[in-house]
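Sequences listed follow chains A and B, in order. If you're matching positions, the first sequence starts at 4 in this note's numbering and goes up one per residue. If you're matching positions, the second sequence starts at 106 in this note's numbering and goes up one per residue.
One or more hints might be untrue.
[Said to hold, decoys possible] Pulled a few chain A residues facing chain B out of the computed Cβ check, cut under 7 Å:
1. Y196
2. L197
3. T199
4. P201
5. E210
6. H213
7. Y217
8. C226
9. A234
[To be verified] The following label-pair restraints were derived from C-beta to C-beta distances:
10. B/P205 / A/E32: 49 to 57 Å
11. A/R192 / B/R181: 43 to 51 Å
12. A/P119 / B/S176: 57 to 65 Å
13. B/N252 / A/R58: 47 to 55 Å
14. B/A265 / A/S141: 21 to 29 Å
15. A/T96 / B/S198: 52 to 60 Å
16. A/S160 / B/L315: 17 to 25 Å
17. A/G7 / B/A265: 42 to 50 Å
18. A/I89 / B/D314: 43 to 51 Å
19. A/A139 / B/L315: 26 to 34 Å
20. B/A265 / A/E32: 52 to 60 Å
No lab work stands behind these hints: they were computed from the structure. Using N, Cα and C, we set each Cβ at its ideal position, and we do this for glycine too.
Okay, here's what each chain looks like letter by letter:
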Amino acid sequence: MPVGEPAPVAVITGAASGIGAACARLLGEHGWRTAGLDLNESGTDLPARVDVTDRAGVAAAVDAAAARFGRIDLAVAAAGYYEEGIDVAEITTAQWDRMLAVILGGTVHTCAAVLPHMLARGQGAIVAISSELALAGSATDLHYVAAKGAVLGLVKSLAMEVAQTDIRVNAVAPGPTDTPLLAPDSLWRKPDYLATLPLGRLVTPEEIAHAVYYLATEGSMYCGEVLSPNAGAVI
Amino acid sequence: MPESPGLVALVTGAAQGLGHATALRLAADGHRVAVNDIADDGRLRELADRIGGAAVPGDIADPGAGPRLASAVAGRLGPVRILVANAAAMAMSPFLDAKPDDWWRQVDVNLTGHFRLIQAVIPGMRAAGHGRIVIIASGWGVIGHPNATAYAASKAGLIALTKGLGREVGPQGILANAIAPSYIDTEQLRVDASDAGISLDEMRQRYRDLVPVRRLASPDDIAAAVSFLAGPGSSAVVGQVLQPSGGVTRTRA
Numbered sequence: 004m005p006v007g008e009p010a011p012v013a014v015i016t017g018a019a020s021g022i023g024a025a026c027a028r029l030l031g032e033h034g035w036r037t038a039g040l041d042l043n044e045s046g047t048d049l050p051a052r053v054d055v056t057d058r059a060g061v062a063a064a065v066d067a068a069a070a071r072f073g074r075i076d077l078a079v080a081a082a083g084y085y086e087e088g089i090d091v092a093e094i095t096t097a098q099w100d101r102m103l104a105v106i107l108g109g110t111v112h113t114c115a116a117v118l119p120h121m122l123a124r125g126q127g128a129i130v131a132i133s134s135e136l137a138l139a140g141s142a143t144d145l146h147y148v149a150a151k152g153a154v155l156g157l158v159k160s161l162a163m164e165v166a167q168t169d170i171r172v173n174a175v176a177p178g179p180t181d182t183p184l185l186a187p188d189s190l191w192r193k194p195d196y197l198a199t200l201p202l203g204r205l206v207t208p209e210e211i212a213h214a215v216y217y218l219a220t221e222g223s224m225y226c227g228e229v230l231s232p233n234a235g236a237v238i
Numbered sequence: 106m107p108e109s110p111g112l113v114a115l116v117t118g119a120a121q122g123l124g125h126a127t128a129l130r131l132a133a134d135g136h137r138v139a140v141n142d143i144a145d146d147g148r149l150r151e152l153a154d155r156i157g158g159a160a161v162p163g164d165i166a167d168p169g170a171g172p173r174l175a176s177a178v179a180g181r182l183g184p185v186r187i188l189v190a191n192a193a194a195m196a197m198s199p200f201l202d203a204k205p206d207d208w209w210r211q212v213d214v215n216l217t218g219h220f221r222l223i224q225a226v227i228p229g230m231r232a233a234g235h236g237r238i239v240i241i242a243s244g245w246g247v248i249g250h251p252n253a254t255a256y257a258a259s260k261a262g263l264i265a266l267t268k269g270l271g272r273e274v275g276p277q278g279i280l281a282n283a284i285a286p287s288y289i290d291t292e293q294l295r296v297d298a299s300d301a302g303i304s305l306d307e308m309r310q311r312y313r314d315l316v317p318v319r320r321l322a323s324p325d326d327i328a329a330a331v332s333f334l335a336g337p338g339s340s341a342v343v344g345q346v347l348q349p350s351g352g353v354t355r356t357r358a
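The whole structure should be built from the sequences, with the hints applied where relevant.
The following block contains the structure:
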């Protein structure tokens, strides 16, 4: 960071745990100022308890971050949750709607809230957290996979829409990552599954944060990229 | 995650362009860098002196080059732990006019030369339980390009090699990944401009118009991608194809 430059500012959804929290920590270590949106209190410089399905609530929290810090350089859309082991015929309308509302709706609301601030300065970066499952498909969590796949469509289209500004929109598609979203008895934690991965282990939240940080700091030539730190789950 | 201590890196095709920028970046990251290019000219030695590394010239298409380069680097700096497979030959022509010699020259340098070099460096990486292989592929290897079938095929071959290698040696702590750039502002643009019979600035503008972000990648942009893939932050990235092309490929494939 050049001397005299104000520290860059990141808005992170899902900042209280898992990947979002790891992003907030890493950015903080690099001197960024962080605003965290989460249902729970996050350990960021400006925590806001917000449900990302609440468009007005997201906008208010983002505007508050911009007012407090003067700018928004990066948005990380990491808020999400996971349900597995559900046959497609058994996914209820309520489960489907909730999954789409949080993962896709939350990402849309985050993008919509930060874009005016980024457009005003003509620069910024948005990194949406998708999933390796959106690339490969998965048998027993179709609503999650569909929502994460929709995020990729959103990312590529928004990336194109703002391509001629210095705003970059990209996705990180983590492999199975060791976060609280993976239940202790999750299929993805089982030794038989991990043995199928070239790296033979879960991905750490920190490894996802490093990919986000790379896109945020040296990613000016990525437009609609899908960077997948996935331990070899999808190659 | 601890920062890697300085590792021994080898960059092929390092006399100019993105190979040159990559050697400088890896040296700035703290690595000890050996640089290769086909000609043993002043540029390579000047670069090696500047970064305190080693110059190991040679044509990687020469069947003996892989083992020779690997042992030359091992003798001067230590076994290669980061290989950047960047050297490339390119000859544009309509498919039916492509001369077999030109076809094979591109495949021999871009694909087979690096195949042999990778074979030669893997034992050292395996012994260390750690290695990074960064393949410079091409956006044309992802989406193809008219009049560049041999080049595109060689680069697509490198992408497939990356994926197979990632699966095969990933379990041994060796991470193979590729970067597929598209239009980069390097010396090659002068060649392209000359071929097209236009000025360098006209060539730049023509290429910029093809890039969704309306900017050509700089060699430093690609070197930054190499730095990420060679560094500690990419420890879960294996068999992937990074595409810092301003949207040329990710929005079309």
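Checked hints:
1. Y196: Hint violated; A/Y196 Cβ to chain B Cβ min 15 Å, cut 7 Å.
2. L197: violated (12 Å)
3. T199: Check failed: Cβ of A/T199 comes no nearer than 11 Å to chain B, outside 7 Å.
4. P201: holds (3 Å)
5. E210: holds (4 Å)
6. H213: holds (3 Å)
7. Y217: At about 5 Å, which falls below the 7 Å cut-off, the nearest Cβ of chain B leaves the hint on A/Y217 intact, so it holds.
8. C226: holds (3 Å)
9. A234: Holds, about 5 Å.
10. B/P205 / A/E32: 49 to 57 Å: Holds - the Cβ-Cβ distance for B/P205 and A/E32, about 55 Å, lies within 49 to 57 Å.
11. A/R192 / B/R181: 43 to 51 Å: holds (45 Å)
12. A/P119 / B/S176: 57 to 65 Å: holds (58 Å)
13. B/N252 / A/R58: 47 to 55 Å: Given range 47 to 55 Å: holds, Cβ gap about 49 Å.
14. B/A265 / A/S141: 21 to 29 Å: holds (25 Å)
15. A/T96 / B/S198: 52 to 60 Å: For A/T96 and B/S198 the Cβ distance comes to about 58 Å; the hint holds.
16. A/S160 / B/L315: 17 to 25 Å: holds (19 Å)
17. A/G7 / B/A265: 42 to 50 Å: holds (48 Å)
18. A/I89 / B/D314: 43 to 51 Å: holds (48 Å)
19. A/A139 / B/L315: 26 to 34 Å: Once the Cβ atoms are compared, 31 Å apart, the range 26 to 34 Å for B/L315 and A/A139 holds.
20. B/A265 / A/E32: 52 to 60 Å: For A/E32 against B/A265, whose Cβ atoms are near 38 Å apart, the range 52 to 60 Å is violated.
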